[in-house]
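Given the coordinates of chain R, work out where chain V should sit on it, guided by the hints.
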Amino acid sequence: MRFVKLPFSLLLSMMLSYQAFSEPMPRRNDLETDNVPKIDYRLRTLANGLRVVSVEDHSSPTVAIQVWYHVGSKDDPEGRSGFAHLFEHMMFKSTKNMKDEMMDRLTEDVGGFNNAFTADDVTVYFEVVPSNYLETLLWAEADRLASLNVNDESFRSEREVVKEEFMQSYVAPPYGKLNLLIEQRSFMVHPYRRPGIGNIEELNAATLEDVRRFHATYYRPDNATLVVVGDFDPKQLDAWVDKYFGRIPKPAAPLPRVTAREPERSGERRYIEHAPNVPLPAIAVTYLVPPQRSDDAFALRVAEAVLAEGESSRLYQRLVYERQLAQFINANADLREDHGLFVLRVILASGKDPAEAERALLAEIEKMRSAPVANAELEKAKNQLLADLLRERETNNGKALAIGEATVLLGDPNRVNTDIARLQAVSAADVQRVMQRYFTDKNRVIIHYLAESTNAQTEGKR
Amino acid sequence: MKDLQVIQMGARARKIKASLQTIMLLFTLSSTDRRLSAQQETPPPPGPPRSVQFPKPVEKTLSNGLRVIVASRPESVPLVTAMLMIKTGAEADPPELSGLADMTANLLAKGTTTRSAPEIAEAIEALGGSLDAGARWDSSTISINVLSSRLPQAMEILSDVVRHPVFKEEEIERQRRQTLDGLQVALRQPGSLARFVASRVLFGDAPYAHPISGTLETVQRIDRDAIVRFHRTYYRPDNAVLVIGGRISPEGAFALAERFFGDWARPAQPLTSSTSSARLPAKSRIVVIDKPDAGQAAVILVRAGIKRTDADYFRGLVANSVLGGGFSSRLNQEIRIRRGLSYGASSALDVRRDVGPFIASAQTRNETADEVAALMITELERLATDNLPDAELTPRKAALIGNFARTIETTGGLVAQVASLALYGLRLDEINDYIRNIQAITADDVQRFTRERLNASEANIVIVGNARSFLDDLKKRFPNVEVIKEDELDLNSGALRRSQAQTGKEAGP
Chain R
1 MRFVKLPFSL LLSMMLSYQA FSEPMPRRND LETDNVPKID YRLRTLANGL RVVSVEDHSS
61 PTVAIQVWYH VGSKDDPEGR SGFAHLFEHM MFKSTKNMKD EMMDRLTEDV GGFNNAFTAD
121 DVTVYFEVVP SNYLETLLWA EADRLASLNV NDESFRSERE VVKEEFMQSY VAPPYGKLNL
181 LIEQRSFMVH PYRRPGIGNI EELNAATLED VRRFHATYYR PDNATLVVVG DFDPKQLDAW
241 VDKYFGRIPK PAAPLPRVTA REPERSGERR YIEHAPNVPL PAIAVTYLVP PQRSDDAFAL
301 RVAEAVLAEG ESSRLYQRLV YERQLAQFIN ANADLREDHG LFVLRVILAS GKDPAEAERA
361 LLAEIEKMRS APVANAELEK AKNQLLADLL RERETNNGKA LAIGEATVLL GDPNRVNTDI
421 ARLQAVSAAD VQRVMQRYFT DKNRVIIHYL AESTNAQTEG KR
Chain V
1 MKDLQVIQMG ARARKIKASL QTIMLLFTLS STDRRLSAQQ ETPPPPGPPR SVQFPKPVEK
61 TLSNGLRVIV ASRPESVPLV TAMLMIKTGA EADPPELSGL ADMTANLLAK GTTTRSAPEI
121 AEAIEALGGS LDAGARWDSS TISINVLSSR LPQAMEILSD VVRHPVFKEE EIERQRRQTL
181 DGLQVALRQP GSLARFVASR VLFGDAPYAH PISGTLETVQ RIDRDAIVRF HRTYYRPDNA
241 VLVIGGRISP EGAFALAERF FGDWARPAQP LTSSTSSARL PAKSRIVVID KPDAGQAAVI
301 LVRAGIKRTD ADYFRGLVAN SVLGGGFSSR LNQEIRIRRG LSYGASSALD VRRDVGPFIA
361 SAQTRNETAD EVAALMITEL ERLATDNLPD AELTPRKAAL IGNFARTIET TGGLVAQVAS
421 LALYGLRLDE INDYIRNIQA ITADDVQRFT RERLNASEAN IVIVGNARSF LDDLKKRFPN
481 VEVIKEDELD LNSGALRRSQ AQTGKEAGP
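First to last, the sequence lines map onto chains R and V.
Number 452 in UniProt numbering belongs to position 452 of the first sequence; there are no gaps in the numbering.
Number 285 in UniProt numbering belongs to position 285 of the second sequence; there are no gaps in the numbering.
None of these hints come from the bench; they were simulated from the model.
A virtual CB, placed ideally from N, CA and C, is assigned to each residue, including glycine.
Take the hints with a grain of salt, since some may be wrong.
Stated by the list, open to error - Here are the in silico distance ranges between beta carbons for each label pair: (1) V/R338 / R/G411: 41 to 51 angstroms; (2) R/A376 / V/R468: 56 to 66 angstroms; (3) R/S427 / V/R338: 53 to 63 angstroms; (4) R/A451 / V/N480: 30 to 40 angstroms; (5) R/R44 / V/R468: 53 to 63 angstroms; (6) R/K99 / V/A440: 23 to 33 angstroms; (7) V/Q40 / R/G411: 31 to 41 angstroms; (8) R/M188 / V/N480: 53 to 63 angstroms; (9) V/R279 / R/L208: 54 to 64 angstroms; (10) V/D312 / R/G49: 49 to 59 angstroms; (11) V/D312 / R/P249: 48 to 58 angstroms.
Chain V extracted, bound-state conformation:
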């Protein structure tokens, strides 16, 4: 919710964190326009490329079962990120208490047995640091980013908030109100509302279906007992990974891990593994949430994607890059550059422990929502059938590799990447295989992946906007459109619609 609020208020400039420190330089310039006339100049060609090396993470497991990973970058600026990751996240929320994992993580730094919430904020900020906590899918994380020299003090605080939170009633109420206010704002944004709906459409009543922060109804129900139980069950050293990255030596980092987490006791009873996810709804849906005051329509195409550990992962990454990854992807070419229908269109293959969503999204004028939805489907179909020339594929692979290099350029990005590998039980030095893995993908791989794993016939469409402006045209393109009024929407179930009785009951005060 914090991020969301910053985006809404906008004007506080986010810093541009965007250069690429390390990148493979094997790509030749393939796009020089041969039709240039004689008087025109062609760009000078590149010089010889230089090679690159990403950090090699090292690891060790403490006697209590805590896995500690260090990704050291000795020559970087003196910053360190330390992240404590619990390998359980919002997927473990009981359906009637969705938001529980996120609420638990958010409350960690709101008071321990020895410090109040303001004292924790004061302590970390005096170090010039920041502390971020929250649940996501498959994990809950709390991380700090500080100057290398202040890492010992920061680690002491990190250990305290993970191991000794008190979950005071007063703080729970405060957090509950903030979460509800944040949700109220999110529900008014066509973009975030469309994402909430898309998850329900794809996952029905299975895990991964609810908003991570919960719903207006479930957040009301979360009580201290549930939070304490969640913390006791999942926050244990043998269900956690500590990742430290940036300018710090591995020895120094391991010593700090031992000092602050070495005596974190492992409970005697083994952790019960989380339940596997339920079956997904089989039928595709075209869902319109009618929001008459929407300034723009948010359009989403969503369908099942793949697991992170799928053997097709790298094929999927490249397929997504061609379709909707970055400025020059097909979706942005067709929707923004060619037709001016949107400020930006993109897609994402969101991989998780279990099958995650594949999502294409754009915001557009209410009047053109149907056209954008149709373009998304057309482009997905085209990727499965039409020829993909190397002149297009090679640059999309280069863009992917460049993005990856930029992602792990900052200490925060490096730590997040390593943590994700650890979460899904993958080899940590996959970082250094990334370029090779991407380069091995062929046009045939992309086409086959799209046909077999992203088939457009199983795609769902979600549009949040002023239905009057596009509904007639949408119905011409799609026969079975479900229209749900904004005030009838129920994010607690796959049906998405409040029952009549429910609507009547809650329309009261």
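Extracted from the complex, chain R is given alone in its bound form:
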């Protein structure tokens, strides 16, 4: 993430793109499948491999432009943990035709904005501008795809910024380090085990040569997807895209891909971790679940909502409201490209015993395994998920994110239109089946995160 307004850990758990929604709106405002109109997208692939997905929408005089690169933190070079994200920051520095921070001149200075985020599997650059600046921004995005020309001074200064980002997001907040530990303890083999923010030592080890190599390796038209949503003329868009992106050659070298796969977990693993400045103990439990493209993704999303979305969710009701063991609960079906990770987080209420909170948490998991969710509960969860998606698609930028995710990570832009029916089709039996299949004792990692002052002899792994 380039700037503080968005958390770094956007993780692409930005929700699956279940639901299609575009203007004009249905007359009945119901969220029933047959009433949700399609997102009318156009997909083109240029000769150099660049995919272009566009959606015309003239309801406001703005346009959202995104470039999705299929490279993420899992592609960090060996010994360079955090590099994909550090590199993302460099993409705002000078190119052949632009000087440092010129992207801000072309966006913020004309009333638009820009940002970027690095996730495990992708790096995404985006901007929203008045629609009469579309050509300018297509030129600029093509320019930083074609060439990057960072000088050493900018590189060093921006690396300091990223180190401050690390400190601000993961060291200064009481539960920041827990987020790093969840990645580190949940994967043994797959590069997902390295947190995307990296660490100070490996950030310090990065060089300008690494930047050049990374750009040459991954920033190429056949590894990129351009998404344009908003106020434009399609013929004009095609002509500009051909002019500025079409001239970028496709390199001959093959694209390296992560091939490592995490083996199935063969037994519960427990960790007791300590950190300074932790006011209340926390617990994280993770389960290894299938990747984003799996058919089980839909039922896992519903399970996430039943467990933890809103104050009527099961974990909130049992742990926070009734038993008052916790002051915070969260469930996240963090479904990634290669593996999914279902993460449960609990911050305890003061004076409570972590062991008791863990038992209560696992008891709720067990209930989901042993009995189907009630119909009303299932419908509530689906309504929540659909309303969330609707809120996300209030803006051109939100719509573009859904399209980018469907195209790059699900392999088909039309998933923004077809997923809603599949979500609606999830049954109580489906939810119970995925709970039984993946939420087993031997498939879980349990982390207790405690204040350093309560540190006994047991440190780290056990």
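Below, chain V alone, put in the same frame as chain R:
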């Protein structure tokens, strides 16, 4: 506190709500680098701009005195936000019961005469909706965001929780524990702790000085009587505004307002107006809260700002935008982009019914806290004295206008903006004058405003961090540094320090 917890746990991705639906397009690209060499390309220029129209709010006052405002956006997604705003907030907290307004608002949805807390959550979430309540400065609000088709059911719940809360002891205790736990976490974050301290430094013992959620001490003292009294005193139709925004017709919205709030009785006795705020401390302070385990230092420059109704409001907005509003503002240029000292530096002109704070803030390494504080002061001074070229001013105005347009793009943002105008008695169609008001501001306005209203000589500095790493250097820059150890800090008074006797007494168990 809820927001805070989400931020701490981080990983649950917040959705990016960030495109701009409506924006003025009159700005020309002024920054093309003329030094580009012959082989280099220059960016293609923009095409002709398109014009824009923001929603026009309409309003009506019910016979019980409730003001109802509708900001209709017929072509948007079928979502509606309805917000019931009480024109009294945390500024009305008695000093020994700070947190009372927030506790009262938080308890509204925790049980009514006909529904339990879980039943309320269940009902609203089954509609795919969410309900947010809390106090802020000058107001207490409770709002719902639902699909347009579910608005009638949601309004019924909104009306019930505002008018018939029961404030059960059991729920008060639960809320108290949650608030205390949330405070404990906030007090461990350098950033949030520095903000608490900054308010005390600026406002001393006047209203606006305490944390909205109260302190560890005052939250213990809030009892049911105080909550019931607060609710009875301030939650009345003639002290409230109902704002409905999104995809709904004005007629439909007015009908729902009448149906669910029309019979909300207005008490016979008139509402006594809240007291005006006390005098602010005159002396500037440099305060360090020594937190040896701080992973980073939080640095804040704080001084008095202006009221929302000040004639200089738009001058102030533009001055703030140049100094610290957005990525390319001077503070972020100097602190982040040029020196890599922070992930981000920014400033905010926080306007209220009475004079609110002007705050610049950044987090940085403990070792560089003094340098960041000095940069904040330098930049504030420079804005008052140095020339501000149009090439810098024009883009900062454009950024401000773009941000405004994005803020009111979602139904929630639109409703919040309209509610704020209503709260301070401003014309509702100021929304549609915003662009003109900003564009009228000149470089001279910015300079004069900064000199007269934001003078750096009256600025206070607050740093929360590991003092050992920066104290010596800080003392070289500032003669009168007050150092307060984290465990001696008292957020209940402007002095900020526990008396010795107090420290001894509370060090016990």
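Structure-based check of all given hints:
1. V/R338 / R/G411: 41 to 51 angstroms: holds (43 angstroms)
2. R/A376 / V/R468: 56 to 66 angstroms: holds (58 angstroms)
3. R/S427 / V/R338: 53 to 63 angstroms: holds (58 angstroms)
4. R/A451 / V/N480: 30 to 40 angstroms: holds (35 angstroms)
5. R/R44 / V/R468: 53 to 63 angstroms: Holds - the Cβ-Cβ distance for R/R44 and V/R468, about 60 angstroms, lies within 53 to 63 angstroms.
6. R/K99 / V/A440: 23 to 33 angstroms: About 32 angstroms separates the Cβ atoms of R/K99 and V/A440, which means 23 to 33 angstroms holds.
7. V/Q40 / R/G411: 31 to 41 angstroms: With a Cβ separation near 38 angstroms, V/Q40 and R/G411 satisfy 31 to 41 angstroms, so the hint holds.
8. R/M188 / V/N480: 53 to 63 angstroms: Between R/M188 and V/N480, where Cβ atoms are some 55 angstroms apart, the hint holds.
9. V/R279 / R/L208: 54 to 64 angstroms: About 56 angstroms separates the Cβ atoms of V/R279 and R/L208, which means 54 to 64 angstroms holds.
10. V/D312 / R/G49: 49 to 59 angstroms: holds (55 angstroms)
11. V/D312 / R/P249: 48 to 58 angstroms: holds (56 angstroms)
In summary, the structure agrees with every hint in the numbered list given earlier.
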